[in-house]
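**Q** As they're listed, the protein sequences go chains A and B.
Position 57, counted from 1, in the first sequence is what my numbering calls 260; the numbers after and before it change by one each time, with no gaps.
Position 209, counted from 1, in the second sequence is what my numbering calls 412; the numbers after and before it change by one each time, with no gaps.
No lab work stands behind these hints, which were simulated from the structure alone.
Treat the hints with caution; some may be incorrect.
Since copy identity is lost for identical chains, a pair holds within one copy or between any two.
Below, a list of computed lysine to any residue pairs in the SDA-like style, where the Cα atoms sit at most 25 angstroms apart [what the hints assert, rightly or not]: (1) Lys-356 <-> Glu-410; (2) Lys-405 <-> Glu-268; (3) Lys-358 <-> Arg-422; (4) Lys-232 <-> Glu-498; (5) Lys-260 <-> His-486; (6) Lys-405 <-> Ser-267; (7) Lys-232 <-> Lys-310; (8) Lys-452 <-> Met-261; (9) Lys-351 <-> Leu-396; (10) Lys-505 <-> Gln-242; (11) Lys-354 <-> Asn-409; (12) Lys-527 <-> Glu-268; (13) Lys-310 <-> Ile-223; (14) Lys-435 <-> His-241; (15) Lys-441 <-> Ile-470; (16) Lys-232 <-> Ser-286.
Number of protein chains: 2
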Amino acid sequence: MNIHYERTNELQKKLKEEKIEGIIFSTPKEVFFLTGFHQDRTFLLVTQKEVFAFIPKMFFEHFSEKCSWAKISIYENPYDCISQKISNLKLTKVVFDSSTVLYDEAKKYIDMKFEAISGFLKEFRMTKKKEELENLKKSCQIAAQSYKLIKNKIKKGIKEIEIARELEYIMKKMGASERSFETIVAFGPNSALPHHETSERKLKNNEVVLIDFGCIYKRYCSDMTRTFFYGKPTDEFKKVYKIVEEAQKKGISTIKEGVLSNEIDKICREIISINGYGQYFTHGTGHGVGLEIHEEPWINPKTSTKLKEGMTITIEPGIYLYGKFGVRIEDTVYVRKNSHEVLTLI
Amino acid sequence: MNIHYERTNELQKKLKEEKIEGIIFSTPKEVFFLTGFHQDRTFLLVTQKEVFAFIPKMFFEHFSEKCSWAKISIYENPYDCISQKISNLKLTKVVFDSSTVLYDEAKKYIDMKFEAISGFLKEFRMTKKKEELENLKKSCQIAAQSYKLIKNKIKKGIKEIEIARELEYIMKKMGASERSFETIVAFGPNSALPHHETSERKLKNNEVVLIDFGCIYKRYCSDMTRTFFYGKPTDEFKKVYKIVEEAQKKGISTIKEGVLSNEIDKICREIISINGYGQYFTHGTGHGVGLEIHEEPWINPKTSTKLKEGMTITIEPGIYLYGKFGVRIEDTVYVRKNSHEVLTLI
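Take the sequences, apply the hints, and build the full model.
**A** This is the structure:
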């Protein structure tokens, strides 16, 4: 069965349970999740029994190929077209997702008497099915294998931007459609900026190299970070690296269904704190990965999501010594019932 | 003077004119436009005289380097932090931009008594200043020159995806940070899908090749499309190509300050229509290009924006014969007082 059709059926089941007659979607990722068609300006109305798509004329053939089960309307003005459909169907309880809809767009729905509901698709997006896991795995494998290849090219005098470009090119050659976010390559003190912008800076001898990267395969993202010392590592680097490594390993080792996301964060954070670097771990421990590079669940001190099989998350503790160097180690991990699977193993 | 600081000053002038005490921004592109710092989770409150930034701790050093004129608050919860600041400053009329803020986020602002205003930054974003034009020019030149190089590699048996990958690699080698959207490479009947997804399909002899692509240089996008016949062009292709070419040239020739955007669309559309292909030109004639690949002004039958010097738009008429082939020709064009400048010339 087509996975998008399957997802639509699950959603329709939930609509029935919650006594909602219809829900509207308009972001490319939501529409893709439910149809396999990925474009903006495409609106989807899912009712308990049917699916209606509202598209510009130019998408007609393409959309039809991807999603045979939707009834298509070509719109001039999408909101007029949706409103007409709602009225024809005599629907009275229709909702929009307030976590993905812009306020201006929301006002149009509110004018149509739609109600706001937040994150309706989230539970479906968070737990990945077999086909999604396959894409995530492949995405992670491409990233990990590309890293192995690029590592050999890292030499004194090479620019951060050159490493990023070559790495991205290798990932595409291996089947990725694109990078999943702006590749971070940070040399020396640049590695102490968690969101450093990859620059023209050249690598010198005896410097830290931090690479945070990932790719997209069949729309699914991977995310990983590696840090190493180019040259003879200083004692401080070795010490800091060991702490981050221990925190990351410990964090990953606890992953299985039922564990709370903030518990994992706590485990990583405690190891860094008891070693005296707590204040230098300035971000959350991780995040969900899927159609988006950052999505739920969030792995941080404030969020207590109970992990479920199928969730795919990053574990990425770090220590950042401004002006000196930073260390971050990150892997993408699939949650299983009684264990987990690291997808970005090199 | 720093261009982001200059933009902030212009915005503050408008705030005074409109008697607005403060405005909040949170999308990376808006924040970048006003600070030079490009990240999510960064909130900016611009008052008539000051700028306040609300950022996670891990952005502190990086943000400070980029934007020295903002007063920085580190937040745990951004909305609590913003609310506190508003209260300290005793501001009573603060607005948020309903065209860029999600409904869930908007509700937080509404709770703080902020008012919705739509597209407040638009007029500034639409007309590009000298430094922005330089980036746009470079972005377009990289795209155009890369096309020249890739064209030589287009041969029977090559896959669409290979052309896309190599083209993107060349653009990055020439200084682009990334592609500005998913490169479309469409062979044969695929060219008849305006938003074809680049595939594994191999090029055969005597087929249409359509390439729609662009890159990003210092955050500014380029956008262009070229179509040609690989082999001996059919009479139908030659005929259709000539019509699209004429429409595109005529459309571009009319561009200068004061012209209405729908007039340009009409000129292109009429040439295609009088030649009998009106129904096969299934999209608008163009769009603005800048920090976003698609932004205002829109060049279509329904939008009558008066062009102003500094606007940068695409002109991209097309004819799509489903099952057979499509032709689209697109350039990015800078609007001048009495004329225009095509930035994507090869």
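**Q** Decide, hint by hint, whether the structure agrees.
**A** Status of each hint after checking the structure:
For the homomeric pair Lys-356 and Glu-410, the shortest alpha-carbon distance inside one copy (15 angstroms) is at most 25 angstroms, but the shortest distance between copies (39 angstroms) is not. Taking identical chains as interchangeable, the C-alpha atoms of Lys-405 and Glu-268 lie at most 25 angstroms apart only when they sit on different chains, with a minimum of 20 angstroms there against 48 angstroms within one chain. Taking the shortest alpha-carbon separations for Lys-358 and Arg-422, neither the intra-copy value of 32 angstroms nor the inter-copy value of 28 angstroms comes in at or below 25 angstroms. In the homo-oligomer, the alpha carbons of Lys-232 and Glu-498 lie at most 25 angstroms apart both inside one protomer (12 angstroms) and across protomers (20 angstroms), since each shortest distance falls under that limit.
Taking the shortest Cα distances, Lys-260 and His-486 sit within 25 angstroms of each other only across copies (8 angstroms), while inside one copy they are farther apart (45 angstroms). Taking identical chains as interchangeable, the C-alpha atoms of Lys-405 and Ser-267 lie at most 25 angstroms apart only when they sit on different chains, with a minimum of 23 angstroms there against 50 angstroms within one chain. In this homomeric assembly, Lys-232 and Lys-310 come within 25 angstroms of each other (Cα to Cα) both inside a single copy, at 21 angstroms, and across copies, at 23 angstroms. For a Cα distance limit of 25 angstroms, the shortest separation of Lys-452 from Met-261 across copies, 22 angstroms, qualifies, whereas the shortest one inside one copy, 50 angstroms, does not.
In the homo-oligomer, the alpha carbons of Lys-351 and Leu-396 lie at most 25 angstroms apart inside one protomer (24 angstroms), although the nearest pairing across protomers, at 38 angstroms, exceeds that limit. In this homomeric assembly, Lys-505 and Gln-242 come within 25 angstroms of each other (Cα to Cα) only across copies, at 21 angstroms, whereas the closest approach inside a single copy is 34 angstroms. In this assembly of identical chains, Lys-354 and Asn-409 lie within 25 angstroms of each other by CA distance solely inside one copy; the values are 16 angstroms within and 42 angstroms between copies. Within a single copy, Lys-527 and Glu-268 get their C-alpha atoms only as close as 54 angstroms, which misses the 25 angstroms cut-off; across copies the closest is 16 angstroms, which meets it.
For a Cα distance limit of 25 angstroms, the shortest separation of Lys-310 from Ile-223 qualifies both inside one copy, at 19 angstroms, and across copies, at 22 angstroms. Taking the shortest alpha-carbon separations for Lys-435 and His-241, neither the intra-copy value of 48 angstroms nor the inter-copy value of 34 angstroms comes in at or below 25 angstroms. In this assembly of identical chains, Lys-441 and Ile-470 lie within 25 angstroms of each other by CA distance solely inside one copy; the values are 21 angstroms within and 67 angstroms between copies. Taking the shortest Cα distances, Lys-232 and Ser-286 sit within 25 angstroms of each other inside one copy (23 angstroms), while across copies they are farther apart (32 angstroms).
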